[in-house]
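Line by line, the protein sequences are chains A and B.
Start counting at 1 in the first sequence, then tack on 9, and there's your number in our numbering.
Start counting at 1 in the second sequence, then tack on 2, and there's your number in our numbering.
Treat the hints as calculated values from the structure; they're not laboratory data.
It cannot be assumed that every hint is accurate.
[Said to hold, decoys possible] Looking from chain A toward chain B, a few residues come up when the C-beta cut is under 10 Å (computed):
no.	residue
1	T161
2	R162
3	L204
4	A207
5	T211
6	L214
7	H215
8	L229
9	M243
10	E321
Here a beta-carbon is modelled for each residue, glycine too, at the ideal position from N, C-alpha and C.
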Amino acid sequence: TITGNFASVIHGLNANHLTDQVIQRSKRMILDTLGVGLLGTSTEVCHKVTQYSKIYSSDISSTIWGHLDFRLPPLYAAFVNGVAVHSMDFDDTWHPATHPSGAVLPAVIALSEAFPQKKKISGLDLLLAFNVGIEVQGRLLRFSSEARNIPTRFHPPTVVGTMGSAAACAKLLALDQLKCKNALAIAASYAGAPLANAATQTKPLHVGNAAKHGLEAACLASQGLQGNKQILDMESGIGAFYTDYNPQALPTLQSYPWLLDQQDVAIKRFPAHLGTHWVADAASSVRRKLVESSDNLLPLDKIEKVILKVPEVKYVSRHSPTSEHEARHSFQFVACSALLDGSMSVQSFASENIHRPALRELLCKTQLEHPPDNTPSFESLYCEVSVILRDGNTISDRCDTFYGHWRKPLKKEDLEKKFQSNASSVLPAEATEGIIETVYNLEKVEDCSVL
Amino acid sequence: PEETVTSSFAAFVHAVRPEHLSKTVCHRSKRMILDSIGVGLVGSTTHVFDIALQYCRELYSSVAVSSVYGKPGVKLSPTLAAFTNGVATHSMDFDDTWHPATHPSGAVLPALLAASQMLPPSTKPNGVDFLLAFNVGLEVQGRLMHFSTEAHNIPKRFHPPSVVGTMGSAAATAKLLSLSAAQCAHALGIAASLAGAPMANAATQAKPLHIGNATRLGFEAALLAARGMEANPSILDDIPGCSGFSAFYSVYQPKPLSTPSDHHEFLLEKQDIAFKRFPAHLGMHWVVDAALSVRNLFINYAGSFSPSLIRTIVLKIPVSKYINRPFPSSEHQARHSFQFNACTALLDGEVGLSSFTESSIHRQELRELLDKVVVEHPEDNVANFDKMYGEVALLLHSGDVLTGKCDTFYGHWRKPLSKESLLKKFRSNASHVLPEEKIETIITMVDNLENLSDSSQL
Chain A
10 TITGNFASVI HGLNANHLTD QVIQRSKRMI LDTLGVGLLG TSTEVCHKVT
60 QYSKIYSSDI SSTIWGHLDF RLPPLYAAFV NGVAVHSMDF DDTWHPATHP
110 SGAVLPAVIA LSEAFPQKKK ISGLDLLLAF NVGIEVQGRL LRFSSEARNI
160 PTRFHPPTVV GTMGSAAACA KLLALDQLKC KNALAIAASY AGAPLANAAT
210 QTKPLHVGNA AKHGLEAACL ASQGLQGNKQ ILDMESGIGA FYTDYNPQAL
260 PTLQSYPWLL DQQDVAIKRF PAHLGTHWVA DAASSVRRKL VESSDNLLPL
310 DKIEKVILKV PEVKYVSRHS PTSEHEARHS FQFVACSALL DGSMSVQSFA
360 SENIHRPALR ELLCKTQLEH PPDNTPSFES LYCEVSVILR DGNTISDRCD
410 TFYGHWRKPL KKEDLEKKFQ SNASSVLPAE ATEGIIETVY NLEKVEDCSV
460 L
Chain B
3 PEETVTSSFA AFVHAVRPEH LSKTVCHRSK RMILDSIGVG LVGSTTHVFD
53 IALQYCRELY SSVAVSSVYG KPGVKLSPTL AAFTNGVATH SMDFDDTWHP
103 ATHPSGAVLP ALLAASQMLP PSTKPNGVDF LLAFNVGLEV QGRLMHFSTE
153 AHNIPKRFHP PSVVGTMGSA AATAKLLSLS AAQCAHALGI AASLAGAPMA
203 NAATQAKPLH IGNATRLGFE AALLAARGME ANPSILDDIP GCSGFSAFYS
253 VYQPKPLSTP SDHHEFLLEK QDIAFKRFPA HLGMHWVVDA ALSVRNLFIN
303 YAGSFSPSLI RTIVLKIPVS KYINRPFPSS EHQARHSFQF NACTALLDGE
353 VGLSSFTESS IHRQELRELL DKVVVEHPED NVANFDKMYG EVALLLHSGD
403 VLTGKCDTFY GHWRKPLSKE SLLKKFRSNA SHVLPEEKIE TIITMVDNLE
453 NLSDSSQL
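One chain only, chain A, in its complex shape (with noise of 0.2 Å):
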């Protein structure tokens, strides 16, 4: 069954199957996550998570990033982490569409913090986990056309996150063959959220929550907890998540092809998703042709028009956003705010900035168009951003492929430059470079707890 080749590929793969340039990916994404999930306990949906999974504790306890003032069990540490690492959707994007780090990274790293003296679990260990969870993850995607596109359904990281998270987890914890199967089959019994939550305050649960079910699945396997063999290959398991559903057996273990190896993540310049970031640049772009210095002011009174020609994405499309959440989900506020301020930032979600004047006038202004070639798959839009003025001219610029994204990675210095940044707002600057030095070095790290 697909189900048993998966368990026995999780099983079998180890350190030695790791091709170099799916540990320095995989080190990258790492490297970003935790940067952005430190960043992320500082926002308020991380505040309330974090109020709620206090009423548990333990002696088992793993830590909450940046904060080492109390602990909490291993589950809930996955998943405050997991909510603060997409509280502000600052995260990872792959093809197909999905968050993957993020429902991985909490909980493999909790789950290694929870693991007695004598057991320790060493930087090798983790990333090899850490790639089975991802790995997981973009099998599952491809067994759906469906998953090609936007989501419009279930939350892609509440479907395959979930699962993934449980690989990697029982992957840590060296579960057998057949209790790898049985943390897939228990981990389905938790995946899938709607999509309608997305752009509200509960999204960010769905990564969290994947990383948290997917942990507690594999301890609950680890436990003997017995499901269905059959999961992944038949339509009432995962397929009941897609319309189309057709499974296949993962390659053999000999030099195994992973697919981060053949497609890279995505990573994001500021909190929003993916799709304004083609947006954003193209806005950027624009600005610079209609002002000459980056200090002058926009020309608001000469502007008549604002359209965007994007995807129709529904869940992105919002003319006038009141809340942080909406704002990171609108093509029109990215634009607008580009435009305005020549480039976007953690700051350009501020209640201050998604309130002003200027910005609202601007958004009055704006359109949308869906050209019927812009599909709403992230390995094809593309953005076209049209700035009509009142003197009948027109100023417009297109992006393909925004610095960022697969096709155009983000460069080293870029990366360090992200973490620096969101780390520092909750870390003295030794422990920030301390990080990107154990992260960088993971493979040879001993004791991974130093992370």
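Dock chain B against chain A, hints included.
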């Protein structure tokens, strides 16, 4: 506030009062509460329960205020107690079933019990509040299931308790905690993101988790909403291009709930519940009653039950893959096998707890009977708990044919268990873990639930 379906649900949960409960509804729901507790108590003796309990105890210890079925002295944090008790309730597939199909009580009761223990002494809910919250949980589940015609038949994709049960638990807990209407809406929204488990895990050891998680996660959703977490305020409405609760159905037509003014008609009033007489999937109960009736005919015919006289056993059943198993190998599979239950009834003259032990499942005489079974799916036998029937025909070597048919088994809502039968089931279940005086106390308490001043005593 806009007139959305979601806000109508939130308004209902918030505004409904004990006065809205009719006598029938009170009566029926108390029967359900009693049955659910009994089933949970006997469920605390199962292996899956042990795993769940051990898991919870190892990982959590503080704020342990909520009790666990059958384990006096053990306390867990509220949501985990709900989880564990939910698993216990569904561990043997012995809990109640409604129409449209779901297991309503197991998804709601454990959360309420745990929550009432969690509240400080000054705000403890009384029996009436408890009964009301319980019914809110049932009502929301029932209403949601009416949003899709898919829900009328035995499910194929998502296991209903994991879809509507989670929502019901969120609503019930929100009611018990007296959340504002806005918070009730957010509780439902958060719960939707925690709902939905695929059918494939039915007939496995993981199935009881569906109810355990439904009750636990709905409870968590309400707790998060109480702390200010916000979700999509239109989660129950149909928003094309971006699925909310509709994600779980291919056909979805939501309808608003009327705000209870003086009179609200609860679904439980019109549609009663089915209680199981033995721990197996509801569909089994038809074939068992049919098998028992043909067994009687056979004994009259042949003097005693002699399997060697039987050439073929024909079962006429509806089409439903996950309960059609010719040779089940585990107790979970056996509880989901028409063939197994029919043959056990033929062989033993009854089906009970002990029918599903390892030795019973694998005995030779049963295997021989199973070999003779042939399954047919007549077109008029719909996979729907309101309309299906079960027919068992014995084709003898002599050429004679004996048939038994059951349209409505005893325990179905059309032929409800009498009070004595329900109490008998409860006493039998509870006696596995509780002494007699405690058993009688619970019976009395539930019977007088409206007059109870502090529901956490339960």
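(message) To test your reading of the hints: which numbers does this structure violate?
(response) none
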